[in-house]
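Required output: the full structure, derived from the provided sequences and hints.
Okay, here's what each chain looks like letter by letter:
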Amino acid sequence: MELDQAVIVIGPPKHGKTTIGRELVKAHLEKYPTGIALVHDTNRQFTDLCRWTGSVAACRANVTAARREKKPIARGWAFGGESTPVSELAAELGQLHNRADDVRVPILLVYDETSMMESSGSTHIAQIDLRINANRRHWGIAPVYNLQRPTALTEAFYTMSTDVYVFAQPSERRTRVLEEYLGLADGRLARLVGAGKYTHAHWRQGEGLV
Amino acid sequence: MVSRGLSPSPAAARKRRQRDRDRGADLVAESLERLGVKLPEHVAPLRSPGANENARASSPAPAAANDNLPLHETKPIAGNGPDAYTGPAELPPRSEGGHPTPLVPETQQTIGPDGEPVPNAKAPITPEEAKTFALLVVQYFQFGSSQLFLKHPEFVEGMIAMAGSPDAFNQQFAFFSSFVGQSAEHCAMKYNLRIPYLQEAVVVGAIGIATFGLAGKPSERGKQNLAAMARGPANAKNANPSAAASSAPADAAPAAADTVFNAAGKPERVDPDEGLWR
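Going down the list, the sequences are from chains W and G. Under the numbering used here, residues 26 to 235 are what the first sequence spells out, in order. Under the numbering used here, residues 351 to 628 are what the second sequence spells out, in order.
Hints were generated in silico from the structure; no laboratory data involved. Quick caveat, the model's predicted, so the values are computed rather than measured. C-beta: ideal position from N, C-alpha, C; glycine also. Incorrect hints may appear among the rest.
As the list claims (entries may be wrong) - Using 27 angstroms as the maximum straight-line C-alpha spacing, the simulated DSS-like pairs for lysine-lysine come out as follows: (1) W/Lys-56 to W/Lys-96; (2) W/Lys-95 to W/Lys-56; (3) W/Lys-56 to G/Lys-425; (4) W/Lys-39 to W/Lys-222; (5) G/Lys-425 to W/Lys-39; (6) G/Lys-481 to G/Lys-540; (7) G/Lys-425 to W/Lys-222.
To be verified - A short, non-exhaustive set of chain W residues, derived as facing chain G with CB atoms under 7 angstroms: (8) Gly-41; (9) Thr-44; (10) Glu-48; (11) Gln-70; (12) Asp-73; (13) Cys-75; (14) Arg-85; (15) Ala-91; (16) Pro-97; (17) Ile-98; (18) Gln-120; (19) Met-141; (20) Arg-216.
As the list claims (entries may be wrong) - Across the chosen pairs, the derived CB separations fall in these ranges: (21) W/Ser-140 to G/Val-554: 52 to 62 angstroms; (22) W/Glu-180 to G/Arg-384: 30 to 40 angstroms; (23) G/Lys-481 to W/Pro-97: 34 to 44 angstroms.
What follows is the structure, encoded as structure tokens:
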């Protein structure tokens with residue numbers, strides 16, 4: 026996981042989307058000693074990697090108490106509740122600690138289920154998500170979006186993404202939408218229609234399918 | 351009446367032409383596939399993207415494009431728990447001599463958006479801190495009030511008239527000062543108020559007072575004190591009661607400063623001002 030990545034993972038339930046997210050979180054925490062992972066995790070699927078908390082305020086309280094007692098703190102945090110406070114926390118920490126040429130706290134921001142996001146959707150991109158994606162290199166934030174449908178987020182997200190993982194798709198119509206979003210030739214993703222579980226294609230900005 | 355169904359709209363006509371083109375493209379692709387001819391990728395998209403989606407959904411995708419799609423497989427991973435990935439709560443400073451930065455700063459809000467108090471969002475103020483805050487507010491109030499009375503004597507005259515007598519006014523003012531102190535303490539506890547940089551202000555103030563005492567220009571009375579100190583401590587005591595209080599031991603006889611010996615060698619009492627002159 027690089028510092029300025031933006032990742033989209035698309036696939037039906039139980040096909041391995043969250044596993045990709047978990048891999049990214051684990052790799053991020055292992056690669057960067059000061060890196061933190063903030064996961065919007067309403068289904069508590071990251072609890073063996075991140076400390077789960079109900080809200081950002083509770084996270085702050087926990088960190089404040091740890092600082093007062095001079096104890097180490099968890100670098101992985103998973104949150105229930107709304108996603109916007111998590112996004113705002115990431116933006117706050119990114120602006121506080123990081124510059125484009127001096128990222129002290131690499132931040133991995135994962136939305137495990139984008140349908141649970143109350144900010145952006147299939148027809149609009151929220152201001153906070155736009156700010157994070159536009160400034161992610163300066164703020165040291167790498168966002169990860171897990172989607173079930175390609176159109177759950179607008180095309181702008183695909184334009185700003187650096188990596189897209191595509192799992193099995195239920196119909197060719199969806200692969201065609203993805204081919205158009207990613208600038209692929211027609212039928213390039215057709216093999217994913219009805220593909221088995223845990224099988225995915227990986228598209229990378231500037232390199233195509235890898 | 352002219353039936354509109356006989357003349358298709360431009361959009362419908364365009365759609366029909368597109369469908370025909372796509373159908374032709376499919377036929378060409380199928381023929382090429384049957385003949386075993388593989389087109390380079392850049393000529394593969396014979397059809398316009400996004401057009402006539404329903405027709406395309408039932409047509410098979412070009413096998414040449416499908417076969418070389420690199421696929422990967424995810425493997426489940428297991429984490430070792432959140433405690434396996436920990437870090438310091440504060441980051442080292444960016445530069446030498448700087449302060450460490452809290453990794454996650456405290457919020458200034460004590461009440462969350464749901465109306466519930468944010469647990470330990472900010473370290474709660476202690477009663478001692480609240481008392482200090484209240485004491486400083488009272489001191490500031492009293493100092494400001496005295497300046498107000500000096501600048502606007504008619505105001506204090508009116509207050510005395512309302513109270514009935516100067517003594518009654520003094521009592522009321524003392525009561526009001528204590529009320530100010532209690533209110534300030536209450537507000538400090540309620541809103542978690544602290545005087546920012548209080549310790550720093552005390553240190554800077556102490557250094558400023560000491561520097562002014564050592565390097566500042568003396569006043570007229572101060573010059574007299576210094577001159578008397580140069581002639582002798584006894585004279586200095588006469589020069590200024592405050593200087594005497596600061597330089598004389600606590601158990602020194604107060605009469606000694608006013609006693610001199612005359613030419614005959616006998617002690618005699620003198621006026622303090624005269625003693626200073628000598």
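Hints and how they fare:
1. A C-alpha spacing of about 22 angstroms is found between W/Lys-56 and W/Lys-96, which places the hinted pair at or below 27 angstroms, so the restraint holds.
2. Between W/Lys-95 and W/Lys-56, the direct Cα distance comes to roughly 24 angstroms. Compliance with the 27 angstroms bound is thereby established for this hinted pair.
3. With a C-alpha separation of about 19 angstroms, the suggested pairing of W/Lys-56 with G/Lys-425 holds against the 27 angstroms cut-off.
4. Taking the CA atoms of W/Lys-39 and W/Lys-222, the gap is about 8 angstroms. The hint holds against a cut of 27 angstroms.
5. Proposed proximity of G/Lys-425 and W/Lys-39 is supported: the alpha carbons are some 13 angstroms apart, at most 27 angstroms.
6. Using a Cα cut-off of 27 angstroms, the hinted pair G/Lys-481 and G/Lys-540 holds, with the two alpha carbons roughly 13 angstroms apart.
7. Simply put, G/Lys-425 and W/Lys-222 have alpha-carbon atoms about 11 angstroms apart, close enough for the 27 angstroms limit, and the pair holds.
8. Taking 7 angstroms as the C-beta cut-off, the interface hint given for W/Gly-41 holds, the closest approach to chain G being about 4 angstroms.
9. Interface restraint check: W/Thr-44 against chain G, minimum CB-CB distance 5 angstroms, threshold 7 angstroms, status holds.
10. With a cut of 7 angstroms, the hint placing W/Glu-48 at the interface with chain G holds, because the nearest CB-to-CB distance is about 6 angstroms.
11. At its closest, the beta carbon of W/Gln-70 sits 10 angstroms from a beta carbon of chain G; the interface hint therefore is violated under the 7 angstroms criterion.
12. The interface hint given for W/Asp-73 is met, as the beta carbon of that residue sits about 4 angstroms from the closest beta carbon of chain G, less than 7 angstroms.
13. Because the smallest distance between the Cβ of W/Cys-75 and any Cβ of chain G comes to about 5 angstroms, under 7 angstroms, the interface hint for this residue holds.
14. For W/Arg-85, the interface hint holds, the least distance from its beta-carbon to any beta-carbon of chain G being 5 angstroms, beneath 7 angstroms.
15. Restraint check, W/Ala-91 versus chain G: the minimum CB separation of about 5 angstroms is within 7 angstroms; hint holds.
16. A least Cβ separation of about 4 angstroms between W/Pro-97 and chain G falls short of the 7 angstroms threshold, and the interface hint therefore holds.
17. The criterion of a C-beta within 7 angstroms of any C-beta in chain G is met by W/Ile-98, whose closest approach is roughly 5 angstroms, and the hint holds.
18. Nearest Cβ of chain G to the Cβ of W/Gln-120: about 11 angstroms, over the 7 angstroms cut. The hint is violated.
19. At about 18 angstroms, the closest approach between the beta carbon of W/Met-141 and any beta carbon in chain G exceeds 7 angstroms, and the interface hint on this residue is violated.
20. Nearest Cβ of chain G to the Cβ of W/Arg-216: about 4 angstroms, under the 7 angstroms cut. The hint holds.
21. In this structure the supplied range 52 to 62 angstroms holds for W/Ser-140 paired with G/Val-554, their Cβ-Cβ distance being about 56 angstroms.
22. At roughly 36 angstroms, the beta carbons of W/Glu-180 and G/Arg-384 sit within the given window of 30 to 40 angstroms.
23. Our hint of 34 to 44 angstroms for G/Lys-481 and W/Pro-97 holds, since their Cβ atoms are close to 35 angstroms apart.
Hint compliance for this structure: hints 11, 18, 19 are broken, all remaining hints hold.
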